[in-house]
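First to last, the protein sequences are chains X and B.
Residue numbering for the first sequence is 0 to 550, as defined by numbering that gives the first Met the number 0.
Residue numbering for the second sequence is 0 to 105, as defined by numbering that gives the first Met the number 0.
The hints are simulated quantities; they were obtained by calculation from the structure and are not laboratory data.
Just so you know, these numbers come straight off a predicted model, no measurement behind them.
There's no promise every hint is true.
[As the list claims (entries may be wrong)] Below are the BS3-like pairs computed for lysine-lysine, each with C-alpha atoms no more than 27 Å apart in a straight line: (1) X/190 - X/164; (2) X/76 - B/90; (3) X/477 - B/90.
Listed here are the chains, written in short residue letters.
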Amino acid sequence: MYRYDEFDHKIVTDRVNQFRGQVNRRISGALSEDAFKPLRLMNGVYLQLHAYMLRVAIPYGTVSSKQMRMLAHIARKYDRGYGHFTTRQNIQYNWPALDRIPDLLEELASVEMHAIQTSGNCIRNVTADQYAGAIADEIEDPRIISEIIRQWSTFHPEFSYLPRKFKIAVTGHENDRAAIKLHDIGIVIVKNDKGETGYEVHVGGGQGRSPFIAKKLTDFVPAKKLLAYLEAVMRVYNMLGRRDNSYKARIKILVHETGETEMRRLVEEEFAKIDASQMLSLPEAELDRISAYFAPPNYENLPAQSDAFEAAKEGNPEFSHWVKTNLVPHKTPGYGIVNISLKPIGGIPGDATDAQMDVIADLAERYALDEIRVTHEQNLVLPHVKLDEAKEVYDILCAHDLATPNIGLISDSIACPGLDYCNLANARSIPLAQEISTHFADLDKQYDIGELKIKISGCINACGHHHVGHIGILGVDKKGTEFYQISLGGSADEKASLGDITGQAFTEDKVVDAVDTIVETYLNLRQPEERFLDTYRRVGMDPFKEQLYAD
Amino acid sequence: MAQHSSKGARFQAVTANRLKDGEVVYFKGNGWIENFAEAEIADGQEAAEALLTRASPDNMEAFILDPYLFEVSESDNGFTPVSVRENIRAKGPTVRTDLGKQAEAG
Numbered sequence: 000m001y002r003y004d005e006f007d008h009k010i011v012t013d014r015v016n017q018f019r020g021q022v023n024r025r026i027s028g029a030l031s032e033d034a035f036k037p038l039r040l041m042n043g044v045y046l047q048l049h050a051y052m053l054r055v056a057i058p059y060g061t062v063s064s065k066q067m068r069m070l071a072h073i074a075r076k077y078d079r080g081y082g083h084f085t086t087r088q089n090i091q092y093n094w095p096a097l098d099r100i101p102d103l104l105e106e107l108a109s110v111e112m113h114a115i116q117t118s119g120n121c122i123r124n125v126t127a128d129q130y131a132g133a134i135a136d137e138i139e140d141p142r143i144i145s146e147i148i149r150q151w152s153t154f155h156p157e158f159s160y161l162p163r164k165f166k167i168a169v170t171g172h173e174n175d176r177a178a179i180k181l182h183d184i185g186i187v188i189v190k191n192d193k194g195e196t197g198y199e200v201h202v203g204g205g206q207g208r209s210p211f212i213a214k215k216l217t218d219f220v221p222a223k224k225l226l227a228y229l230e231a232v233m234r235v236y237n238m239l240g241r242r243d244n245s246y247k248a249r250i251k252i253l254v255h256e257t258g259e260t261e262m263r264r265l266v267e268e269e270f271a272k273i274d275a276s277q278m279l280s281l282p283e284a285e286l287d288r289i290s291a292y293f294a295p296p297n298y299e300n301l302p303a304q305s306d307a308f309e310a311a312k313e314g315n316p317e318f319s320h321w322v323k324t325n326l327v328p329h330k331t332p333g334y335g336i337v338n339i340s341l342k343p344i345g346g347i348p349g350d351a352t353d354a355q356m357d358v359i360a361d362l363a364e365r366y367a368l369d370e371i372r373v374t375h376e377q378n379l380v381l382p383h384v385k386l387d388e389a390k391e392v393y394d395i396l397c398a399h400d401l402a403t404p405n406i407g408l409i410s411d412s413i414a415c416p417g418l419d420y421c422n423l424a425n426a427r428s429i430p431l432a433q434e435i436s437t438h439f440a441d442l443d444k445q446y447d448i449g450e451l452k453i454k455i456s457g458c459i460n461a462c463g464h465h466h467v468g469h470i471g472i473l474g475v476d477k478k479g480t481e482f483y484q485i486s487l488g489g490s491a492d493e494k495a496s497l498g499d500i501t502g503q504a505f506t507e508d509k510v511v512d513a514v515d516t517i518v519e520t521y522l523n524l525r526q527p528e529e530r531f532l533d534t535y536r537r538v539g540m541d542p543f544k545e546q547l548y549a550d
Numbered sequence: 000m001a002q003h004s005s006k007g008a009r010f011q012a013v014t015a016n017r018l019k020d021g022e023v024v025y026f027k028g029n030g031w032i033e034n035f036a037e038a039e040i041a042d043g044q045e046a047a048e049a050l051l052t053r054a055s056p057d058n059m060e061a062f063i064l065d066p067y068l069f070e071v072s073e074s075d076n077g078f079t080p081v082s083v084r085e086n087i088r089a090k091g092p093t094v095r096t097d098l099g100k101q102a103e104a105g
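Chain B extracted, bound-state conformation (with noise of 0.2 Å):
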């Protein structure tokens, strides 16, 4: 797999898509939820590698495929993706603006 996180990153999110249907989803808590705005950011590699850990499932009942950690940097607005491609995942094709996850929050 490609690398999402650049070596010295502080903040990373981990992400995954669901089996049903390959939304993508976000880690948080002891979940998974669908908007990048609340997914749960870790600060530091020690506190990603947790992060990871605790959102990889241990038995095929977690019904979520692949999860990894990305790259994502803060600004005034919170927090956001660091890769082109992250972004696009958290909020749907740019070239169909009506579709995805960004669709549903406009």
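Okay, chain X solo, but in the shape it has when bound (with noise of 0.2 Å):
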């Protein structure tokens, strides 16, 4: 894992002491709080429903266990004993008190995390595939551009005050884990014809309000022009970037408005200039410092089918179940990726407590090289497990309520905080993921199902990921009471699409059934290894909404 520099260190620290001084001039009364209120969002701090929330960065999702323990602690002495992981792959805490705030970010800094840049018109945290350096077939483990992206986008003077907030997603896989599609840069890590690595980039996806698919920007920017590249397309995003509507200040808008042809010509011009100045050329020996940060760790040499494992799977349905959702081929013989579900039948999805992030700590460190990654969807992953040690980590996982096997199933789903928590949000979201789930509780039904992706909004700004379920579920309100949008055939992976609304939105009551009206529909018209996915795709959206609407 990446480590921080004397500078990271340097500016982390200054960070925190010039809040608390700030903290403190706001509570003395001398800062007003309009004065105040950019400088606490600068920091990750924002003012929701019932108290204030902090989200704290999880740069590409990685975390150590040193690092895991450090946010039970927080959760524990600053919050309400848990916190919310997010589809930023960042963690959010619920209830942390402003005056308190500071000393938070303080014992944060001493393990090398922060929530600069967490919020406010900036780059946001870079994500990145949660199997980063563990999945076979991978070009080049994401998390090297990402963290070279990362320092690059740290305070860049030149982009602390864009038209609007600004989301960067890279994959080095041709499955793409991380919805780059859906961002406003997304990097898909190539190789070319002459076997060189270099970038695909995707600019201008986003969801909220007006969502779009990026368009692919360029095939091919070697790495040391990287830099250069994203500097170009932020470059002239600034200038030419609406600033008059905040709903139409994202990249997206723009390159939906100036035409992807145009886009692209703006872009390499102003590419063109800086490349020549070669003020941005990444040196080599940068690049190897950072990726050296990645190297994979030391495997051990193991065969490639484990004994032990294989006689836990046969002693064991319910492990053998979870084996099948929750555990994915390593690139290295005898290891195994391990998702954790943070989806329990009936739970809040994202949410884990501190006793249960201590126990993934422990786990990290004694059984998966100290590395666990935080997942878009919502979930943990543990990347490096022996599968002689499998069944072990399992049987941890069970005792503490964390080994749901339902990866991808349709208890798995995402949902924003909506508006149990948000001040955003229009409904809840969290009520709805926690009735579908107890509705198809039965395990046999959701393997039935198979793989379907249902996605949970508060609101139009689409946290929830709505646009891209494959089903996806929109609360919106009317006059004070909780309505509900459904939407069907969206997608976040390297197929991205974007979901259609069936028709008229739907009460609370009613959204369980017409989700069940909707699987029953799939499963009567589907062929053969058909997903829902598929199934949709094939048939459209009418044979749905006329069983929707049949009265």
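Reconstruct the complex from the two isolated chains, following the hints.
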């Protein structure tokens, strides 16, 4: 894992001290709320319905056990004993008191973590494939370039006041698990005909009020020129992005209004200038230095097949189910990638208690080469577990309600905090996720339904990714009452698509029935081996609509 | 900010968040209290505007953030907020009844 150098340490510590002064002056009355609000937002502190909320950055979703223990400690000492993992691979605390946040941040800084650039119109936390470095057939570990982007974008003076927030995601694998086409910039690591590694750059994706799939602006940027290319994109956006209307200020609107061809030309023109100056050429030595932090850990030489693992599966059907859904093949023989579901049946998606975080930290230390990942689907991953020890890990996860075998299934939904916590929300999201998961609790039923991703947002800002849910649910407010709009056919993977709205919105008590109707319609129409999304893409909206609005 | 009262709202109260910890508070008399049940209720638009004026700090010493009016309705058990949002603010997250004001009350 990347370790802070002296500059990282200094900027984070300086920022904590600066913020402590600002909080003290606000509380004493020396600073007005108008003056203070942008300062607190620059440090990841929001005011929500019941309390302040602090969003802590987890760069490219990678945490060590020491860091996870600190996240648990913070939940215990400064919050109410839990944290919420988000679709940006971050963690949010829902109850910290403002006057204690500087102490909290100081403790965080001691494990090289912070909340800088988790809010505001700047380049936000860079996200990446949660299986980075562990999955077979990866071209390059996406965390290397993510770390370089993190360093380049942290306190970048030119991009500290963009028209709107800016999100970058990276994948090094052809199967996109980072939703790169729904980001302001999505990067796919590729190889060209000569076998050189470079980057495909997609620009202008996003959700919210006006969702767009990103446009591919270039097929190949060589590694040492990537920052120059990104700087060119940012510069075009910073100059031309709209600042008159916050709903039209994201780069997706600029790309849409300018047109893909013209946008590409503008970026290329700027890129040529920056490239000619060589100001942003990435030195080979620096690339090597950063890469070394992500060198493969010391795997043991193990046979591909583990007898202990096979025997455990044989003797324990529940373990075998869990393996089927939650354990993914590792690139190294004898290892597996373990997904920890934060979606217990009827639970709150993405929430983990301090005790659970401590357990996961211990597991990572003992069994997973000290690494944990956060997924954008609000689960956690132990990326390097020996198959020989998978059953031990499973047993410990079971004992802490962390072994729900439902990754990718209907009960593994994404949900934003919604109106239970969020000041922007129009409707609650979490209760729907809970009701749907309880309704489809039967595991045989879930396996029969197969891969089905439900994504729920409590308002049009789409933090719950409803536009790209196979079934998407959007909460809307009608005169103080919650209604829910349903969409079908969205997807956030390499074949990204935006969902189509079924029609009139449903009241809260009708949503589970509607989802059930959609699922039954799929089960009746599907052909062998067809997933929900495949069936929807083949038959379209009409058969679903007919069943949903039959009365 | 979203509209928290309908046009013809009769009963309204004033709420805000407390600076120090973000706690939801309600205006009563000359100060702020945590429990909705004790909130001062204004009858009619004129009384509501007067209540909001009294509640709005004219200096930073108040340490109360963004006071606003919201609609409440009268029932057998006293007043309750009309919107789902204000009900949730008055009680706490519906998905964690062990947290927020509802927990302290129980």
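Quick rundown of the hints versus the structure:
1. X/190 - X/164: violated (30 Å)
2. X/76 - B/90: Holds. Residue 76 of chain X to residue 90 of chain B sits at ~23 Å (cutoff 27 Å).
3. X/477 - B/90: holds (21 Å)
Checked against the numbered hints given earlier, this structure breaks only hint 1.
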